[in-house]
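Engineer: Spelled out from the first residue to the last, the chains are:
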Amino acid sequence: MSDIRIYVEEAPGQRRELPAPTDMGLSLMELLKASDYPIQATCGGMALCATCHVEILAGPPLPEPSDDEWAMLDTLPQLHETSRLSCQIRLAPNLDGLVVRVAEPA
Amino acid sequence: MSAVISTDICIIGAGPVGLFAVFEAGLLKLRCHVVDALPQPGGQLSEIYPKKPIYDIPGFPEILAGDLVDNLLKQIAPFHPTFTLGERVERFAKLDDGSFQLYTTDGTEIQCKAVAIAGGLGSFEPRKPAVENLERFEGGKGVHYMVRDPEHFRDKKIVIAGGGDSALDWTNFLANVAADVTLVHRGTTFRGAADSAEKVKNLHEAGKIKLVLSSNVTHLHGNGHLEQVTITGNDGRTETVPLDAFVPLFGLTPKLGPIGDWGLALDNDAVVVDTVDYSTSLPGVYAIGDINTYPGKLKLILCGFHEAALMCQGAFKYIYPDKKYTLKYTTVNGAPSL
Chain A
1 MSDIRIYVEE
11 APGQRRELPA
21 PTDMGLSLME
31 LLKASDYPIQ
41 ATCGGMALCA
51 TCHVEILAGP
61 PLPEPSDDEW
71 AMLDTLPQLH
81 ETSRLSCQIR
91 LAPNLDGLVV
101 RVAEPA
Chain B
1 MSAVISTDIC
11 IIGAGPVGLF
21 AVFEAGLLKL
31 RCHVVDALPQ
41 PGGQLSEIYP
51 KKPIYDIPGF
61 PEILAGDLVD
71 NLLKQIAPFH
81 PTFTLGERVE
91 RFAKLDDGSF
101 QLYTTDGTEI
111 QCKAVAIAGG
121 LGSFEPRKPA
131 VENLERFEGG
141 KGVHYMVRDP
151 EHFRDKKIVI
161 AGGGDSALDW
171 TNFLANVAAD
181 VTLVHRGTTF
191 RGAADSAEKV
201 KNLHEAGKIK
211 LVLSSNVTHL
221 HGNGHLEQVT
231 ITGNDGRTET
241 VPLDAFVPLF
251 GLTPKLGPIG
261 DWGLALDNDA
271 VVVDTVDYST
281 SLPGVYAIGD
291 INTYPGKLKL
301 ILCGFHEAAL
311 MCQGAFKYIY
321 PDKKYTLKYT
331 TVNGAPSL
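Chains as they are written, first to last, in the numbering used here: chain A, 1 to 106; chain B, 1 to 338.
Keep in mind the hints are simulated off the structure, nothing from the lab.
Take these hints with a grain of salt, some might be off.
Said to hold, decoys possible - Chain A stretches covered by chain B per the calculated footprint, using a threshold of three residues with CB under 8 angstroms from any CB of chain B: (1) 68 to 78; (2) 92 to 105.
Stated by the list, open to error - No more than 27 angstroms apart at the CA atoms, straight line, and that leaves these computed lysine-lysine pairs for DSSO-like: (3) B:K128 - A:K33; (4) B:K255 - A:K33; (5) B:K201 - B:K156; (6) B:K299 - B:K74; (7) B:K74 - B:K157; (8) B:K299 - B:K52; (9) B:K317 - B:K297; (10) B:K94 - B:K157; (11) B:K324 - B:K113; (12) B:K208 - B:K156; (13) A:K33 - B:K52; (14) A:K33 - B:K299; (15) B:K324 - B:K94; (16) A:K33 - B:K157; (17) A:K33 - B:K51.
Computed from a prediction, not measured in an experiment: that's the story for all the values here.
All C-beta atoms in this analysis are idealised placements derived from N, C-alpha and C, irrespective of residue type, glycine included.
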């Protein structure tokens, strides 16, 4: 299966393209961590710590957050309308072209 | 003032790796004192995911994080370690004789012959909201990031901010303690425990607390001590509320904290160590677990256990340079104790 492309906005107008495999069951958090972004992922991907908080800037629509993800996002002091936990976003072919920004740690 | 604590090794961090280091030190007849910023041992395992199963601990096909902590505490009990919990090691000094003096945020002083940093991802610190003047009112001037003693708020006017379980739980509890409780939440519903949210709603309907939804605390005001907060609604309307204390409860997040200022060699916020004994750039100071870095580092509890064993060998040699140590297996010596 061919890779998809995920874009990370590192500064306004400056996007880094990350090729992402979709046949390994990876989450967006794992891709960002492997690409050396400052993602702590303290809980290991269980939507329990919010240290993998990202903002979705553009791209294909994502599935709605689960109750667990909503509950964790709800605890954050700085929340954006498009905030998501990257550990809860599974890389799949329909996410090709997704643009995200790694949120500042709270 | 607290009494000075004297020990062989001071372990900074009571996570699984710090706790296992107590065991390994105990096998070498070294006494340990453990300090952690959190109020209970276990680190991330207790604070973030006590009910999460872990599958890569040897001998346990599956174990809950909280149960692993309980087992580690049972395993180290024969060595009678002492603990300072709920305090963070703030300052650190190396003495002429090679020993160390550590000072915590609450003034506890620890004298030790070696230091083992097992701080995981750092100390867990409160997530702070973006509120103007917030830091001006920290340190006993009206802003409290956690409720250490509910009695501190008796008969006071308080504003709590947040929408998670801790905001809900403390709102419910302090409704019976404080003179006046206002809960401010940016959303319209609570996604914390349904039971807690229901209690908050009932208290509001009974007129025992004030509930301000779709709003944020945006400004703090006061002269020396916090006196008022401004609450801004999502529609832009503002309201100024007099109060004695503002309690933002948005959970905890790990930060490296003062360890970063101790002069140790760092790489990307991790302490650089020698894998021979996990010693840092400062003789007598060791770093084990998630807080260290070296070529091939894996952030696994399993690897931290291994590092703890080798670290204690190194610390023993540092403390007793003239003593010869012979490795003894626990199967030979039987149940270990100090």
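Engineer: The structure should be examined with respect to each hint, and the outcome stated for every one.
Structural biologist: Comparing the hints with the structure gives:
no.: 1; hint: 68 to 78; result: holds (count 7)
no.: 2; hint: 92 to 105; result: violated (count 1)
no.: 3; hint: B:K128 - A:K33; result: 24 angstroms, holds
no.: 4; hint: B:K255 - A:K33; result: 17 angstroms, holds
no.: 5; hint: B:K201 - B:K156; result: 21 angstroms, holds
no.: 6; hint: B:K299 - B:K74; result: 24 angstroms, holds
no.: 7; hint: B:K74 - B:K157; result: 43 angstroms, violated
no.: 8; hint: B:K299 - B:K52; result: 17 angstroms, holds
no.: 9; hint: B:K317 - B:K297; result: 24 angstroms, holds
no.: 10; hint: B:K94 - B:K157; result: 45 angstroms, violated
no.: 11; hint: B:K324 - B:K113; result: 18 angstroms, holds
no.: 12; hint: B:K208 - B:K156; result: 14 angstroms, holds
no.: 13; hint: A:K33 - B:K52; result: 21 angstroms, holds
no.: 14; hint: A:K33 - B:K299; result: 13 angstroms, holds
no.: 15; hint: B:K324 - B:K94; result: 25 angstroms, holds
no.: 16; hint: A:K33 - B:K157; result: 44 angstroms, violated
no.: 17; hint: A:K33 - B:K51; result: 24 angstroms, holds
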